[in-house]
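Chemist: Heads up: the protein sequence lines correspond to chains A and B, in order. Everything in the first sequence is counted per the working numbering, starting at 1 for the first residue and increasing by one. Everything in the second sequence is counted per the working numbering, starting at 1 for the first residue and increasing by one.
No lab work stands behind these hints, which were simulated from the structure alone. Quick caveat, the model's predicted, so the values are computed rather than measured. Even for Gly, the Cβ is constructed at its ideal location relative to N, Cα and C. It is possible that some hints are incorrect.
Unchecked claim - So the derived label-pair ranges between C-beta atoms look like this:
(1) B/F109 - A/M195: 40 to 48 Å
(2) A/G94 - B/H98: 46 to 54 Å
(3) B/I282 - A/G61: 55 to 63 Å
(4) A/E69 - B/F109: 33 to 41 Å
Stated by the list, open to error - Which residues of chain B face chain A? A few of them, derived with a C-beta cut under 7 Å, are:
(5) L19
(6) P72
(7) V129
(8) P133
(9) G143
(10) A152
(11) H230
(12) E270
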Amino acid sequence: MSLSRTMLFAAAASFVMLGAANAEEGPVRIGVMSDMSGLYADLSGPGSVEAAQMAIEDFGGELFGHPIEVVQADHQNRADLASTVAREWFDDDGVDAIFDVPNSSAALAVQELAREREKFFFISGAATSRLSGDSCSPTGVHWMYDTYSLANGTGRALVAEGADTWFFLTADYAFGHSLEEDTGAVVEGAGGEVMGAVRHPLDTQDFSSYLLQAQASGAEIIGLANAGTDTTNSIRQAAEFGIVEAGQRLAGLLLFITDVHALGLDTAQDLVLTTGFYWDRDDQTRDFAARFEERMGMRPTMIHAGVYSSALHFFKALEEAGTKEADAVMQQVRDIPVDLFGEEAMVREDGRMVHDMYLVRVKSPDESEGDWDYYEILRTIPGDEAFRPMEEGDCPHLTN
Amino acid sequence: MLFDLLGVPPQALFAQLLLGLINGSFYALLSLGLALIFGMLNIINFAHGALYMMGAFVAWMMLHYLGIPFWPALILSPIIVAAFGMVLERTMLARLYHLDHLYGLLLTFGLALLIEGLFRQLYGVSGRVYPTPDILRGGQNLGFMFLPNYRAFVVVAALVVCFGVWYFIERTRIGSYLRAGTENPELLQAFGVNVPRMITLTYGLGVALAAFTGVLAAPIYQVHPLMGFHIIIIVFAVVVVGGLGSMLGAIVTGLMLGVVEGFTRLFYPEASATVIFIIMAIVLLLRPQGLFGRR
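Excised from the complex, chain A in its bound form:
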């Protein structure tokens, strides 16, 4: 009797406290930062803002009694600008969480700032595995994919097929370096050999010089450690210079469905790639893709799907925590199972969201039944195998 009364009291007290916390919290404001008009604008960009908007609507539009607000900014692929915007958002504009941020250099800058300010950062756009490794943050969550899982998926699959000499064509910034390093490690770990690499500036038009160097290396596989139009231009020009006909194979280490769309199936067919999301996987993904296409006129990339699902997860965690206080919210972010379009996933201590990845092959024009019917799923890579084990990442806040 007395016990239950105490419990009732405690429950009432915590309810009052929760209510008080709720009333004190201002409106939840999220910021989507991306490359809104440059080479990554189609695979992330305005589509990511729309995806965040969809997440807000699907959540019900409100938290703590206020409408959820979304702001957006263009970082123009500049780390300095990304950092300036993030500072303004956190310090002056009351932004609680930043989403997306393609371009690893920009994301690394935002990660530092979010850590300092104890604000949340849900990364869907940037790839470097350092974001859950030596640059991890207690408030940073790396959501959809990373260079390790790409390397592991595509690299391992190709070496297993017997392609064991590699040459890299690498975008000369944090992302390209990470992808080259991670893939090189996978290749060498599986008994292959890395014969060299050439680094090109971000956003290059003409790849012929680099391609000829890759050709001269004699490697069986030319690994493209770049993204966006850099990758599509490399693939097109490799075809032009007869590199594939002469017997070398290309491995697009980071290819988005928008890239395949831009290349056309004639050029892209039979490329093998790793992705964290494919719209045509099941009814739930198809439903999301159809709603997205209605708004954006295109099917979502894995980044768009990532922004949507990470925003929903963040709102759930806030609601459960009943506060914006960083530790409490992050506890919920890790405790609540992630609902990734019906697939259950989880967020690790180091900020890595672990879920299944897909090894896919690009269909030939004959196999494809229409626009955006591009992938055949070769293999589902279980999350534990796809992502780097936590203890190998050297994430500082875990060891300290």
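Add chain B to chain A, keeping to what the hints say.
Modeler: Frame of chain A; chain B shown alone:
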């Protein structure tokens, strides 16, 4: 012996030389148009890159919506874009001739942003594929490299057009009117030449060159709204190095810097995006009028 010193096989050097010439021919064509417009109109045409992009897009639209193939598009697209350019010149640029250079630069810069923004809005940034014309598919094995037929065609077409334009301006009667128009328009007008119309046509010619280059570029690069934005800065550097307003300078410098860029990609690829600007800085320090400029 020399090759051993450089640590690179001669094949690689020849290949980069050839690739440099190919890229250089794009620079040459574009900087020729810029030099022509600057020389005759005194306008620094910042919209040149956007018009180059339009040339590629108009060709793509012709193929995509109307089924018009590459060869007619190579002629038609420059004509259409030139007409568009001449409307711009008549309605806007013509009002600025008596003002400082800066106004023309600002106006054309604004136009470039508008045009590029419009295409970006309509087509996104991933770009569109323009197939290589059938007759130029495949390539030749030169021993030291595989040369795609289309790229060989680009060099030849660029050289022919560059020489043609240079000959037209420097060696024909109409060309002499054009040159006279820049020296003393009032006097030329007094001789009964319609100078404003001549200026409009000159701008049209410069724009047509940009659009022609755009069509040439379409099968090599993705046709995409930012393609002009990428190249225009380099082309400005080419014009500065060559000497403002010097047509021969624009052609030779364009080819030369293409080759320098190619070698940089071989020896120190990280610097390939900056090497042209380093050269520009050095030329501005030592010879401010440019390599071929007269002062």
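Chemist: Each hint should be assessed against the structure and marked as holding or not.
Modeler: Checked hints:
Range check, B/F109 to A/M195: about 45 Å between beta-carbon atoms, so the 40 to 48 Å window is met. For A/G94 paired with B/H98, a C-beta distance near 51 Å keeps the hint of 46 to 54 Å intact. Under the hint 55 to 63 Å, the C-beta atoms of B/I282 and A/G61, about 59 Å apart, fit the expected range. Against the hinted window of 33 to 41 Å, the Cβ-Cβ separation of A/E69 and B/F109 comes to about 34 Å, which satisfies the hint.
A hinted interface residue such as B/L19 counts as satisfied when its beta carbon comes closer than 7 Å to some beta carbon of chain A; here the least separation is about 5 Å, so the hint holds. Against a cut-off of 7 Å between C-beta atoms, the interface hint on B/P72 is violated, since the closest Cβ of chain A lies about 22 Å away. A hinted interface residue such as B/V129 counts as satisfied when its beta carbon comes closer than 7 Å to some beta carbon of chain A; here the least separation is about 5 Å, so the hint holds. Interface hint at B/P133: violated, since its Cβ lies 13 Å from the closest Cβ of chain A, which is beyond the 7 Å cut-off.
The restraint placing B/G143 at the interface with chain A is violated, with a minimum CB-CB distance near 13 Å, outside the 7 Å limit. Because the smallest distance between the Cβ of B/A152 and any Cβ of chain A comes to about 12 Å, over 7 Å, the interface hint for this residue is violated. The beta carbon of B/H230 comes within 6 Å of a beta carbon in chain A, closer than 7 Å, and the hint placing it at the interface holds. Because the smallest distance between the Cβ of B/E270 and any Cβ of chain A comes to about 6 Å, under 7 Å, the interface hint for this residue holds.
Checked against the numbered hints above, the structure breaks hints 6, 8, 9 and 10 and satisfies the rest.
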